[in-house]
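So the protein lines, in turn, are chains A and B.
Just so we're aligned, residue 1 is where the first sequence starts under full-length UniProt numbering, counting upward by one.
Just so we're aligned, residue 1 is where the second sequence starts under full-length UniProt numbering, counting upward by one.
Rather than coming from a laboratory, the hints here were simulated on the basis of the structure.
Here the structure is a predicted model, which is why all the values come from computation and not from measurement.
It is possible that part of the hints are untrue.
Each pair may be met inside one copy or between any two copies, as identical chains are not told apart.
[To be verified] Here are the simulated lysine-lysine pairs, DSS-like style, with alpha carbons at most 27 Å apart: (1) K359 <-> K61; (2) K359 <-> K225; (3) K42 <-> K190; (4) K68 <-> K21; (5) K359 <-> K304; (6) K217 <-> K68; (7) K10 <-> K372; (8) K42 <-> K217; (9) K372 <-> K144; (10) K42 <-> K359; (11) K167 <-> K68; (12) K217 <-> K150; (13) K61 <-> K21.
There are 2 protein chains.
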Amino acid sequence: MRALILAAGKGTRLKPFTTVKPKPAVEVCGIPLILRTFLSLKGLGIEPAVVVGYRAEEIRKILGEGVKLIQNNDIERGNAYSVLCAREEFEREEKFLLLMGDHLYTPEFLSAASRAPPGSAIVCRENDTIAIDEATKVLAENGKVLDIGKGLENWTHIDTGAFICRKDIFDLLDEIFRNKRSFEWSEAVKMANMRIYEVNEPWTDIDTPEDLPKAEKLLLRSLIKPEDGIISRYINRRISLNITRLLGRFDVNPNHISALSFLIAIISSYLLLSGSYILGGILVQVSSIIDGVDGEIARLRFRKSGFGGFFDTLLDRYADAFILSALFLSIPFSIRNFILYLFALTGTFLVGYSASTFKEAYGMRAERLEGKLRFIPAKRDERLFLISIGSIVGYFTEFAIPVLFLLLAAFTNLRVFGRLLMAGGMEKSTS
Amino acid sequence: MRALILAAGKGTRLKPFTTVKPKPAVEVCGIPLILRTFLSLKGLGIEPAVVVGYRAEEIRKILGEGVKLIQNNDIERGNAYSVLCAREEFEREEKFLLLMGDHLYTPEFLSAASRAPPGSAIVCRENDTIAIDEATKVLAENGKVLDIGKGLENWTHIDTGAFICRKDIFDLLDEIFRNKRSFEWSEAVKMANMRIYEVNEPWTDIDTPEDLPKAEKLLLRSLIKPEDGIISRYINRRISLNITRLLGRFDVNPNHISALSFLIAIISSYLLLSGSYILGGILVQVSSIIDGVDGEIARLRFRKSGFGGFFDTLLDRYADAFILSALFLSIPFSIRNFILYLFALTGTFLVGYSASTFKEAYGMRAERLEGKLRFIPAKRDERLFLISIGSIVGYFTEFAIPVLFLLLAAFTNLRVFGRLLMAGGMEKSTS
Numbered sequence: 001m002r003a004l005i006l007a008a009g010k011g012t013r014l015k016p017f018t019t020v021k022p023k024p025a026v027e028v029c030g031i032p033l034i035l036r037t038f039l040s041l042k043g044l045g046i047e048p049a050v051v052v053g054y055r056a057e058e059i060r061k062i063l064g065e066g067v068k069l070i071q072n073n074d075i076e077r078g079n080a081y082s083v084l085c086a087r088e089e090f091e092r093e094e095k096f097l098l099l100m101g102d103h104l105y106t107p108e109f110l111s112a113a114s115r116a117p118p119g120s121a122i123v124c125r126e127n128d129t130i131a132i133d134e135a136t137k138v139l140a141e142n143g144k145v146l147d148i149g150k151g152l153e154n155w156t157h158i159d160t161g162a163f164i165c166r167k168d169i170f171d172l173l174d175e176i177f178r179n180k181r182s183f184e185w186s187e188a189v190k191m192a193n194m195r196i197y198e199v200n201e202p203w204t205d206i207d208t209p210e211d212l213p214k215a216e217k218l219l220l221r222s223l224i225k226p227e228d229g230i231i232s233r234y235i236n237r238r239i240s241l242n243i244t245r246l247l248g249r250f251d252v253n254p255n256h257i258s259a260l261s262f263l264i265a266i267i268s269s270y271l272l273l274s275g276s277y278i279l280g281g282i283l284v285q286v287s288s289i290i291d292g293v294d295g296e297i298a299r300l301r302f303r304k305s306g307f308g309g310f311f312d313t314l315l316d317r318y319a320d321a322f323i324l325s326a327l328f329l330s331i332p333f334s335i336r337n338f339i340l341y342l343f344a345l346t347g348t349f350l351v352g353y354s355a356s357t358f359k360e361a362y363g364m365r366a367e368r369l370e371g372k373l374r375f376i377p378a379k380r381d382e383r384l385f386l387i388s389i390g391s392i393v394g395y396f397t398e399f400a401i402p403v404l405f406l407l408l409a410a411f412t413n414l415r416v417f418g419r420l421l422m423a424g425g426m427e428k429s430t431s
Numbered sequence: 001m002r003a004l005i006l007a008a009g010k011g012t013r014l015k016p017f018t019t020v021k022p023k024p025a026v027e028v029c030g031i032p033l034i035l036r037t038f039l040s041l042k043g044l045g046i047e048p049a050v051v052v053g054y055r056a057e058e059i060r061k062i063l064g065e066g067v068k069l070i071q072n073n074d075i076e077r078g079n080a081y082s083v084l085c086a087r088e089e090f091e092r093e094e095k096f097l098l099l100m101g102d103h104l105y106t107p108e109f110l111s112a113a114s115r116a117p118p119g120s121a122i123v124c125r126e127n128d129t130i131a132i133d134e135a136t137k138v139l140a141e142n143g144k145v146l147d148i149g150k151g152l153e154n155w156t157h158i159d160t161g162a163f164i165c166r167k168d169i170f171d172l173l174d175e176i177f178r179n180k181r182s183f184e185w186s187e188a189v190k191m192a193n194m195r196i197y198e199v200n201e202p203w204t205d206i207d208t209p210e211d212l213p214k215a216e217k218l219l220l221r222s223l224i225k226p227e228d229g230i231i232s233r234y235i236n237r238r239i240s241l242n243i244t245r246l247l248g249r250f251d252v253n254p255n256h257i258s259a260l261s262f263l264i265a266i267i268s269s270y271l272l273l274s275g276s277y278i279l280g281g282i283l284v285q286v287s288s289i290i291d292g293v294d295g296e297i298a299r300l301r302f303r304k305s306g307f308g309g310f311f312d313t314l315l316d317r318y319a320d321a322f323i324l325s326a327l328f329l330s331i332p333f334s335i336r337n338f339i340l341y342l343f344a345l346t347g348t349f350l351v352g353y354s355a356s357t358f359k360e361a362y363g364m365r366a367e368r369l370e371g372k373l374r375f376i377p378a379k380r381d382e383r384l385f386l387i388s389i390g391s392i393v394g395y396f397t398e399f400a401i402p403v404l405f406l407l408l409a410a411f412t413n414l415r416v417f418g419r420l421l422m423a424g425g426m427e428k429s430t431s
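Turn these sequences into a full structure, and let the hints steer you where they fit.
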C-alpha cells in the first residue's frame, strides 16, 4: 500500500514554534513530526508521498532526496485541495492511507490503521493525551460518519487525521471543486459517506506549545515493550525513558549504550568480587536500567538493527555470567554453593535461550502465552533487581548470596520448565 | 499446488516382494513408498490425490481415510490412462505435480521438483544410486524432451518419474485414447513436447530386491543436516544412522531418544565427577551419538515437532552444563581453573544461543554464512568429542582438564565473536 501525507498547510496556532518552522517540521524527541511518520511508514513497508505547499523547501530538506513530493500551488483552497493535487499520482491505487503531516503517529498506530478497510475514517475513543477542546470530533451512527468537526456538541469518537481512501475519492473532489474555490477535507469525509474504524494505539495532535511535552511523553511511553518484566515496567522504564528523552535529541548510537551498560556490569562484577556488596549491588541495577536505553533510542530514532539486537543479547549474557561468577567467588567455596550457582547460571542462560528457541519453533513470543508463569520473576530486569537487593543484603549477612542463588535457580529453571510444559500443551492442541 | 500420484500398476519385477504387496506398498525404513511420498507432500503443503487400480484396497489401507483416491478400472490400458482417469479431479488446476507411486522421493527432491515451471519433465544427472540399465533415460535437445525410454542408446538425462503438467495434458490424452486402447505415459511426455528441468536432490527407483538396501542407504543419508559439524558428519552419523536404520522400523518416539541421550550424559557426568575419566569420556561421546538419532528418526518417520526440537535443545544445554561442571569439580579448585571453566561454559551456551538469535535477527542460519569460521570446532558434536578425548587424556595427566577448558573457551567464544563480526558486516552491506 501507499500513503499520502498532507503537509501543505500553515498551522498558525503552534506559534511561537511555527514562526520558526512549519508545523510538520516541529521536532518531538529530536525528530520532526513528518519525518517520524515518513520513517515509520517505510518501516511498515508502506511507500509514502507528501503534498507540500507552505514552506515546501523546509519539508523537502527534512525528508531528503528520493521522496515523492506533490506540489500544492494554492494552499488557500483548503486541505481537500491538497488531496486532489495527488490525483495523478494516486488514482491507480485501489486504496491508500491518508495522513496529516502535523500529527504524531506511532508505528503501532500506523500499523493498525493500515489494516482498516477502504473508505474508512480512523477514529479513537476519548483519552487523556488528547486536548478535547482542540480535537476534531466525529459523530458516528451505524458505523458511518454522520458529522465531523471541532465544534460538535454531540459526538462519539475523535478523528485521528488518518483515513483509508478509495480511489473514487478523487471523482468526488473533482466534483466539489467544480463549484467551490476552497474546501476542507473533513467536509469531504462527510460527503464520501465513510465508515469509522477504531484504532486506540498511541497518536496525538499538537495544537499549542503546551502539547509538546505531552506528545513527548506519549511517544516515550510507546517505547515500552509489551513483554517487559515487572521491574522494568514499574522501576527501570521510569528512569530509562528520562535518559532516552535527554539523549534522544542527539544522534546517539544505541550500540554505544549497550556497551556502556556492559561496562557498568563489568565494574559492578569487580566490586562484588572484592566484597563491595553495596556499591556493586547498586551498579548492577544501574546497568540494568541503562540496558533499557539502547532499545528505546533504537526505536525512537529508527536505528533498530539486527546487529544491535544481536550485540546487546551477547553482551547481556556475558554480563550475567560475570556478575553471578563474581558473587560466587566472593563467598567461601563449597559444593553446595557451587551447585546453587550452577543452576542459577544455567537457568539465567536458558530463560533467554528458551524464549529464542520457542519463537523459532512456534513463530511467536513465549511471553505472550505464559499467563501466570509471567509472575515468576526470571527475566533479566527481574533477575538483576534480585541480584542488586541480594548483594546489598549480603553486606549485612553472609547467607544472602547462597539464598540469592537459590531463588535465581528456582525462578529461572521453573520458568523454563513452564515453557516446556506450554510447548507440550501446544503440540497436543494442534495434533 | 496439488499432486497426482500414480499407484495403479502391477510392478511385477520386484518379486518376491510384490507377490506379497503391490510395489507402492513396499517398505523402506518401515514406511511404504507411497505413504512416504504422501506425507512428504503434505509437509510441503502440496495436497496429493492417488490413482489406484491393482490391489487398490491395500493402498487405501496404507494411506488411511481422508485421502482422495481415483479409481482406474482398466489398468491394462497403460499408465497414461491412469493420468486421464484424474481428468475430472484435476482439470481445473493450472498445473499439478505428477509422481510415480513406486519411486522413493525425499522431501528435498519434491520441494525442488515442485518449483519447476508448468510442462516440465523433472530429470537428473546419472549418479551411483540409480541402476542405469533399469532406468528410464531421456534424450534432451534445446531443453526439450526429444526421446524417452529404457532402451535409449543415446541419452542425456535420467527420468525421475516426476512431472509438472499443465491442464491441457488431458486434452492430449483424450485425443490419444480416441485411437488407442493402451498407451504409456512416457510416450505421452514425448508428444506433449515437455521441457526438461534438472533436480539432483536424492530420489531413487526400486526395480529389483537388490535395490532395497541401496534405497535405504540413500534415504538415511538424506537425513544428514547440511549444518552438521565435522565430528557429526565423519564419525557420529556413521553410527547414529545405523541405529536409526534399526529403530526406524518401529514407531519410536524421538523424544524418548532425546531423554536417553540426556540420561547417558548424566551418568557420564557422575562418572567424570568421581574420577572415572575413561568410562565417563566414552559415555560423553556415546551420548553425543545418540543425540543425533532423535532428529534422524523424527525426519525419517515424519515425527518432527516444535516440542521435540525445544525439548532436545533444553536437555542438551543442561547436559552440557552438568558435564563441564562435573569435570570442574573433579579437579582442584583454583581461580585459574574457575575462569577457564566459566568461559568454556558461557561459550558453550552462546554457540547455540547466538545461532538462535542470529536466525531471529536475519532470518537465516548463521552456519550458512560462516565460511572459514566453520572450521573452529565449537558445535555440540565437536565440543563433546573434545571433552571425550580430553577426559580420557585426563586419566593420564592432570593438566588435560584445564587445557580442555582452555580450548573449549577459546573455540566457542571465538566462533561467537566471529558471528558478531559477521552480523556487523551484514548490517553494512545492506545499509
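Checked hints:
Taking CA atoms no more than 27 Å apart as the test, K359 paired with K61 passes in neither setting, with 41 Å inside one copy and 37 Å between copies. Taking CA atoms no more than 27 Å apart as the test, K359 paired with K225 passes in both settings, with 16 Å inside one copy and 21 Å between copies. Proximity of K42 to K190 under the C-alpha cut-off of 27 Å is found in neither arrangement, the shortest distances being 30 Å within a copy and 51 Å between copies. Taking the closest pair of Cα atoms, K68 and K21 come within 27 Å of each other only inside a single copy of the chain (21 Å); across copies the shortest separation is 69 Å, beyond that limit.
In this assembly of identical chains, K359 and K304 lie within 27 Å of each other by CA distance both inside one copy and across copies; the values are 19 Å within and 16 Å between. When the C-alpha separation of K217 and K68 is checked against a cutoff of 27 Å, the pair qualifies neither within a copy, at 31 Å, nor between copies, at 60 Å. With identical chains, the CA atoms of K10 and K372 are never at most 27 Å apart, being 52 Å at best within one copy and 59 Å at best between copies. In this homomeric assembly, K42 and K217 come within 27 Å of each other (Cα to Cα) only inside a single copy, at 23 Å, whereas the closest approach across copies is 51 Å.
Taking the shortest alpha-carbon separations for K372 and K144, neither the intra-copy value of 40 Å nor the inter-copy value of 63 Å comes in at or below 27 Å. Both within a single protomer and between protomers do K42 and K359 lie at most 27 Å apart by alpha-carbon distance, with minima of 25 Å and 23 Å respectively. Taking identical chains as interchangeable, the C-alpha atoms of K167 and K68 lie at most 27 Å apart only when both belong to the same chain, with a minimum of 18 Å there against 45 Å between chains. When the C-alpha separation of K217 and K150 is checked against a cutoff of 27 Å, the pair qualifies only within one copy, where the shortest distance is 24 Å, while the shortest distance between copies is 77 Å.
For the homomeric pair K61 and K21, the shortest alpha-carbon distance inside one copy (12 Å) is at most 27 Å, but the shortest distance between copies (77 Å) is not.
When each numbered hint is compared with the structure, violations occur for hints 1, 3, 6, 7 and 9.
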